[in-house]
Structure formats: structure tokens, C-alpha cells
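Novice: Start from chain A and add chain B according to the hints.
Chains A and B, in that order, give the protein sequences.
Counting along the first sequence from 1, when you hit position 342 you're at 342 in our numbering, and nothing is skipped either side.
Counting along the second sequence from 1, when you hit position 309 you're at 309 in our numbering, and nothing is skipped either side.
Some hints here could point you the wrong way.
Below are the DSS-like pairs computed for lysine-lysine, each with C-alpha atoms no more than 25 angstroms apart in a straight line [unchecked claim]:
no., chain 1, residue 1, chain 2, residue 2
1, A, Lys135, A, Lys98
2, A, Lys82, A, Lys98
3, A, Lys593, A, Lys551
4, A, Lys9, B, Lys137
5, A, Lys247, A, Lys288
6, B, Lys349, A, Lys37
7, A, Lys341, A, Lys288
8, A, Lys341, A, Lys355
9, B, Lys470, A, Lys8
10, B, Lys470, A, Lys9
11, B, Lys349, A, Lys201
12, B, Lys137, A, Lys8
13, A, Lys132, A, Lys98
14, A, Lys355, A, Lys551
15, A, Lys247, A, Lys37
16, A, Lys37, A, Lys201
17, A, Lys135, A, Lys167
18, A, Lys201, A, Lys119
Simulated from the structure, these hints should not be mistaken for lab results.
These numbers were taken from a predicted model, which means no experiment stands behind them.
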Amino acid sequence: MDLFAERKKVIVIMVLVVAFFLIVRLFYIQVIDNSYKLSAENNSKRIETIYAARGLIYDRNKQLLVYNQPAYDLMIAPFELKSFDSTALCELLDIDIKRLRSGIARVKIPKYRREPFIKQLSSETYAKLQEKLYKFPGFYVRSRTLRRYSREMAAHLMGYVGEVDEKIIAMNPYYVMGDYIGISGIEGYYEPFLRGEKGQKVLLVDVHGKVKGPYQGGRFDEDARVGKNFVCTIDSRLQGYGELLMKNYKGSIVAIEPSTGEILTLVSSPAYDPSLLVGRQRSVNYRKLETDTLEPLFNRALMANYPPGSTFKPVNALIGLQENVININTTFSCNLGFYAKGVSVGCHEHSSPLKLLQGIQNSCNSYYCNTLRRILEDPKYPSTTDAYNNWRNYVISFGFGTKLNSDFTNEIRGFVPPSSYYDRYYGEHGWSSLTVISLAIGQGELLMTPLQMANMTACIANRGKYFIPHIVRQIEGIDTLDRRFTTPHTVNIDTANFSIVVEGMYLAVNGGPGRTAGIAQLSNIAVCGKTGTAQNPQGTAHSVFIAFAPKDNPEIAISVYVEHGEWGASYAAPIASLMIEKYLTDSISPGRKWLETRMLSGNLLYAK
Amino acid sequence: MTRTINILEEIDWLSVGLYLALVFFGWMNIFASSYNERYRSIFDLHQNYGDQFLWIMISFLAVFLLFLIDHRFFYFFTYPIYAFAVVLLLAVLVFGVEVHNSRSWLNIFGFRLQPSEFVKIAVALAIAHYLSGFDVKLMTWKSLAILAGIIGFPVILISLQPDFGTAMVFTCFILVLYREGLPGWIMGFSIFIAVLFLMTLLLSKVAVIIVLLSLAVLFIGLVNQKLSYSLFSALVMGGVFGLLKILSLVVPFKTGNYLLLLIAAGITAIVLVVMAQRKKIANAFFILLLLIAFIGFTFSVNYVFTRALKPHQQTRVNILLGKETDTRGVGYNLNQSKIAIGAGGFAGKGYLRGTQTKLDYVPEQSTDFIFCTVGEEWGFLGTMAVILLFAGLLIRLLYLAERQRSVFARLYGYGVVSILFFHVAINIAMTIGLFPVIGIPLPFFSYGGSSMLAFTLLLFIFIRLDAVRKIYLK
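Excised from the complex, chain A in its bound form:
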């Protein structure tokens, strides 16, 4: 009757075969192939970065200099976008529709990622937008912090913060695209402390990018750790005053506390408003500053190679004393200059002959030419080269010709020529003390930075030792400073010799007739100083002055450069003395107001 009863077996086999194939396929997908599990992990997790606020920066008197302001990035979550009133949004953001369209098109390409659409909305825009944000699904605001400056000052010192580039990311895995990093100054050097640590929230998100809650109960969440607060060595009142005085001059002021090496002031002029390099306008402003012919971005205090001029004479005097080629009573005559074997170095008119102290007081060129000649022709040494190398070692020990190793990223070395330098030009033994006689008066090949000059001044003020100048005074949570800032560097010259030179420098300011820096004299403070007129190939000589005060237990050592200011006494010395007066007495005495006014009303910005 039932002819096809056997076919039930075929059907049973069909069922079993299909079941078998499905099971085999499932075994492959679920057990063997791991790629699906990885996709699943990435699918449903979203890591949201919590940005850490950077540490605050205070001056030495705990005045707040740099703090943070909230900034708002408008983000687009591509798959939450629904139709919205694009005209209204454009009006709110003050952008044209093309920008909006391209922004949306851009985020649609890399799938499922949230992208910033407009970075750093102004707080006014944000306030307007916030009320109406609900009308624009798919748009949301992410908040971060930007730097804000309580005073428009010390831009070079503070440095700035910018977005990381690919090079930085390749070097340091902490950073990812869109992160900020300190680029120069304190922000750059102390980035690891200031930046804090980013945190993260790992969130479960559904296919539309909607947050469904913390991933695995927030097991992988990490709070952001706020950056460490930073106290710098700057006295912001003095810094501000310095910048005010230098407003119309190119040049630099560096002031150091000799007993610690702390930098009290570091002015590079012209400066710029640090808030120009914050926020959305940063790149535009940076380009503007970069192309400014006055080079406001150039930090002259650390990076300008100036000849020291006569301010270098105390060093030569110290070396001469230590080498016993001169003593306090050694006299040299000067007949409007130094003349020997066809070499002449001119000098100004002063009484002659002079002893050492008067040599310093009058800044007699002839005196130092004779001294250097004695140093280099000292029979103690088998050759001029050996004597020169000995001289050079003394100079180097003052911190010249090499980076001071302070806490700046962009310090330069300056230049104290090694003997091989002259060998190359004149041949071995082809040069003598007279060949390099300009070194006696701080000219020739010598190049120094204002920071190095201030350090030398501090070293003289300390009678033979210095601490590496530094900008860090205290970092929150860290008890001790880097040891290199607390270890004194000593110069191999006797303290007694320093006392002699210090006396000379005292006389240069406070001495009788012939003193070169009387303008720097203060009624109740013993200022020691030395003027300089740094000849340079660019044009009119630079006005230079180094000084420290008070003479005993000095509290401030300062170097001032005013480019093309010619005589040390005309600009650098008045500015230095005003700085010292301001620092030590808090104000400018009525009797010296005229000097302040004169400095403020002068202008050498475009002088050549």
C-alpha cells in the first residue's frame, strides 16, 4: 500500500545532516575563530577620556600666575544624528552651512567614532548653545580646560600648551591624538608634573552610541589626577616691573638670588601676551608672532648670543689676581688705549696710571689688555696655548661656554673659543696674547647669554660659588628640589681676590670721579656693578650692565642687556638700578622717579 515508506529514512537523514552542518559551523564560529570575540569587545565598549586639569603656577610669593579655564568642544556622535534645524545651529555657532555639512560628512567616514566638530567654543557661545542643545540630537559638548593667565607677563617663562603631534605620540605612548602638552618654558620642562594623569571611563554603549552604563560595573574606570601645583622662583612684581621697563627696548633682564640660584626675573623683550597662545586662535597668533620682525617668540635671555663687553673685565681681573700676575697695587698706564706691536685697543679719557681698583672703577681697557697679556705670557706655562687653556678653564668655571643645565628646554651654550679655534685660524703657535687681546675687554669671539652673565654676577656676589639658576621653587607633593640646584659650583679663585674685585665694582657705582656707573647708585643700598658696551656686528653697541646688591649678603644679582643702547650707563645701568631698588625697597624713591620716567619714555625698539 505505502510504496514510499523507505523515504522516511531519507528525510530523517536530511534532518540529521542539516543539524550536523549547523553544529559544525557554530563550533567554528564560537570555539575556533577568535576574531568575532575581539570584534565584540570593541563593539560595545567606549573609552571616554577624562582630561586632567593642569597644575596651577604660582610665583615665589604664592601669587597665582597661571590657572585653568573651562573650554568646550562641540562633538558629533554620528549615529545619534537626527534631522535638525541646521540654519538655527549655524546661527548659534556663527558658521556657514558648508562648514556644518563638511563637519558632519567628516565624522561619518570613520565609523562609530565621536569626533570634535568645533574645538574650544567661547563660553558665550557655549552658554547660548547649552540651552538649545536638546534640539540638536547627536551634538554634545565635551569640556576640557585651557590655560588662563592672571597677568599679561612672563610669556617666555611660562611657555605654552599645544596639541600633541605625531612625532610626540611616536616618542611617548602616554599621549594620543587630541591631547595637550606643554611645549616650552615651565609648561614644557615640567610637563610630567603639571599635566596630571588622564583618567578614563569605560562605558557600555549600544549600537547608536548611547551610553548604557559603566562597563563591568566601572571596574576599569580611572579618575583623572589633577596636575601638581607649581611654585616658581619668579617675583611677579619684579618681573612685571622689568617687563614694563623693557617695553620699548629689545633686550633682556635676568635677576638671580645669589644665595640660592633662584631666578627672580627673566625678561625677554619684546614679549607677547601669553593668552595669545591659548585656544582656538593659537595657531593664527603663533604664525603672526613667528613672522614679527621684532622676534617676540625669541627668548633672548636664554638664546641670544651677546658679547659681554666690559662687564667681563672683573673675570679677567680675578684670573690675573689668582694667577699672581697682578695684585691690588699693580699699576698700568693708559694713554687713551693699549698699544703694542701694531695692536691697539682704544680707551676713554681718564687719569693714568691706574691701580687695579681704579681700573675696574674706570673700566680702563688698557689695564685689562696688560693683565691678559701677563696671564697668557706667564712663564709658568710652557706655551701661550697652555696659558690660554688655563685661562679658559677659569672662564668656563663661571658657567660660560656651556649650558648651565638649568630647567629650561632651550638654553644655549654661548661661546668661549678653545685654543684649537685659534690654531685653526692662525696655525699652531701662529697666534699670541696680542692676537686674542680683545678677550681682555669681553669682545672678540666671546659670546654669552644674559642668563650666563647674571650667573657670573651671582658668582661674584657669592665670592666664588654659584648655584645653577633655576625656575622651580617647589612642586606640590615633592619635598626636595633636584640636587643639581642645591649643590654649589665653586670657582677656583680665592675669596680674598673676589673681595678686591667686588670693591672695584662697588667703586664703579659709588666711587669718586671716574666711576662709570654712578647712575646706578642708590642712597641706602650698596650696589656693586660693572658697565659694558658690547660692540656687535649688527650696529650700535649694546648697553650692558651687571650688578648685585647689597654688597654684603647680596640678595639680587642682575644682568641687563639693551640692544643698541650703546653705553652701559645710558640704559642698562639705570634699568638694573631701578630693578634692584624695586626689589630691595619695594618702591622707587622720589629722587629717582625722573630716571624711571626717562627709561619708560625712551624707545629703541627699531634702533640699529
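Specialist: Relative to the frame of chain A, chain B by itself:
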């Protein structure tokens, strides 16, 4: 002639048990797929799972009512039921609610019903009724035409909604016909053509041609019971292909593998023809002819698809095939489904611990893609268990069908098996990328009142018939 029997004793409790296990497990998974912190109660009627619970209860009530109705009702009222089903299908075309571009739903007293789910029962009954008639011989033109009408008419109406997935389900009745005497080659051939069609669209031409060639080569050996023929032709083909490949490397002329393969196949064909002439193998020509026809078919499908169809029509077919689904690009649904299942691993992430399904990564995760939840949360152990449960149920039902004394009951039993088999196989296959996404539910698992009730009725009508099988004489 009738005897009194205790129905409760005669019910096949094994099938009922398997059914309950599947329904309960399915419900748990619907809960898991839509579960969220806010609605913790599995009975919450505002959520999928609460709604499904309601429908499960309605289904149980329907089963109870089934057992109150006289068993002869189903036989005698087959055609009215069929007619009613057709009327519903017509009604849905007129009054239906449009969801996702297809008009498949009727709103009746606040309940949404999908008539096409119930039509399957009517067609299964109608086929059984017709074929169990006296003097009805399957292999006559008249019978075949009537059967084609019974099956074809609802298929046309459903295609008009349009709901191609459900329409395709009706091809499953070929299994019933096969059991009743439809020549085996017709089924084999239909399956082969269907597979070829899918392969052509889903795979590359080279792959399809390789498969066809291998089949032809194998076939030559099997039909003549001489495997040396297979070996010989395979060697010829491989050799020619290899030579051409090497040649193409030495003398760089621009050809794809697929042209080389065709040339190799052509040379092999000539060799075979010569050989067939010598050894007098008549069927070699026939096999060759079939091979050419199939390759031709492959190309024509491709040609029709790429040339004759406009881009938007292609997209529509692609969507039907699951190659293209939504705005997120080709194969998004399928890929997410595979990710969810794959993420389960061997033992699964644990109940209510799935992320992919819960976070809406898988589209339709409580309906057509409910299997993903099983895969993600219960792992390979869970998916295997579900497949084994279904296979067990199907084989049990086949056993029950075979023990029927009434031809009607047996045929209906086969109808039930065919429908369930098609649904289970295709649904699971589409979630793991073995079949295009055509959007049909997984019986007893997928969320949806209509399908829950319809599959329950489908199954329990048969269990009802089985329970009274002893009434009929052998």
C-alpha cells in the same frame, strides 16, 4: 468502529516536553535580549518578554481548546479553514498595517496578527486532505496542478504584501510530496538549482565553476561505477590548468584564473568526448550537457543580475539575500549577528551577561535573530542544545507521522515537520551566514504573538490527531 480511549494517556508527552522546553528557553532568551535595569520583572506586559508570556498563555489556552474540539473537525473543515485563511490574506492586503514596507499585519481588537503565519497550517491541512482522498494519484497532471494551486495561491498573495521570506517557506511542502511519491530527482534537482542560484549570487564565479566541475567529474565515475574515469578527467583538467598557469607566469598574458579554468574544462571536455566515443560511454554526453547547462545557468543568473537589473533593483535583491541591509553597509546585520554568536565562545557569557544582543548591535534580536542571544549567553553548548532539541522534536514528529493509521494525519504530520524544519534550518543558517537573511522566525523562540500561537496550533493539531490514532483501524 471507534473505541473509547483515554486521551491523556495517548498524548505524546515527549513531543509536548520538547515543545515546553523550547518555549521556556525561548522566553528566557527574549527576556535576556530585551532585559534592562528598569524593567526587571519578566512578566512586565509593557516589555517584549511580558507580552510573549501573555501569548504563551494564550497558546496554552488554545491547546486546551484544541483538545475539546472533535478531532474530525480538522479533516472535515480543512477547506473552510483554507478559505478563511485566503480571506485573511486578502483582508491584510486591503486593511493591513504597513510595517517595514510590507503589509503583513492585521489589527484585530488591539491585537496585531500576522495571517501568513496561520496560512501555513491551512495549506498543510489542505495538502493532507487532498492527497488522502480516494483515488488521488500524486503523479498525475491534475493532482500536480491542484497541489500547485493549493500552495501557489497563498504564495502569490503573500508575495504581494510583499513578504518573500514567508512566501519561500511554502517551498518546504516539496518534502511532503516527496514522501508521497514525487520522484527523488525532482527534489534533488530543485535543491541543487536553489543552491546553485544562491552560490552564484553569494560566491565568485570561479568557486561555482570549480564546484560544478568537481561534481561533474565525480558524477562520471559514480554513474559508470568506474572511479578511474573521475581520476583521469581530474588529472587532465588539473594538468591543463597547471600548465596554463605556469605559462601565464612565464609569458605574462593577462588572464584571470577563471578563464584558465574554463579553457582547462573545455580541453577536458574534448578529451572526454573522444574517450566516450571510443569506450562507448553514452552518459558522458548527458553529463557534459548538464554541466554546460549549469554553467550557462550560473552565467545567466549573473548576467540577469548585473546587466538586466537596475542598480536599485540589484540592491533590493541584495538586501533580500542579506548582502546589503541597511545604511551601515554591506552585511552589517549578518556581521553583527556573527559577532554576537561568536562572542559566546564555548560556554557563553552567562545568562543576562550578553552585551552585543542587549545593546541592540544585533538587529531584530528578539525576533528573527533571537538565536544570537542563545549564542552569546549560552555559547556553543547552548546553541548545540537548541539544535539538538529541534532535531529531536523533528525526528520524534517523523516517528509519530509514520505511526499514523490515517493517511490524512500522516500527511499533516509531514507538513508540520516540513514547516518546522524549513524555519529552524533557514533561521539558524541565516544568523551564522550560511543563508541569506530572509527574515523568518525561529519556531517557539522568536518574539511575536502570531508566530507563537501559529506554531503551537500547527504542532498541537498534529499531537491532537496523534492522540486519537488508535481509533482508526490499521
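Novice: Taking the hints in turn, state whether each one holds.
Specialist: The hints, checked one at a time:
1. Lys135/A - Lys98/A: holds (20 angstroms)
2. Lys82/A - Lys98/A: The hint holds at about 18 angstroms.
3. Lys593/A - Lys551/A: holds (23 angstroms)
4. Lys9/A - Lys137/B: The hint holds at about 22 angstroms.
5. Lys247/A - Lys288/A: holds (19 angstroms)
6. Lys349/B - Lys37/A: holds (11 angstroms)
7. Lys341/A - Lys288/A: Violated, because 53 angstroms separates the two Cα atoms, which is more than 25 angstroms.
8. Lys341/A - Lys355/A: Within the cut-off at roughly 24 angstroms; holds.
9. Lys470/B - Lys8/A: Between Lys470/B and Lys8/A the Cα gap is close to 21 angstroms, so the pair holds against 25 angstroms.
10. Lys470/B - Lys9/A: Distance ~24 angstroms between Lys470/B and Lys9/A Cα, so the pair holds.
11. Lys349/B - Lys201/A: holds (22 angstroms)
12. Lys137/B - Lys8/A: holds (19 angstroms)
13. Lys132/A - Lys98/A: With Cα atoms ~21 angstroms apart, Lys132/A and Lys98/A stay inside 25 angstroms; holds.
14. Lys355/A - Lys551/A: OK: Lys355/A and Lys551/A at ~21 angstroms, within 25 angstroms.
15. Lys247/A - Lys37/A: Distance ~65 angstroms between Lys247/A and Lys37/A Cα, so the pair is violated.
16. Lys37/A - Lys201/A: holds (22 angstroms)
17. Lys135/A - Lys167/A: violated (40 angstroms)
18. Lys201/A - Lys119/A: holds (21 angstroms)
Taken one by one, the earlier hints fail for this structure at numbers 7, 15, 17, listed in ascending order.
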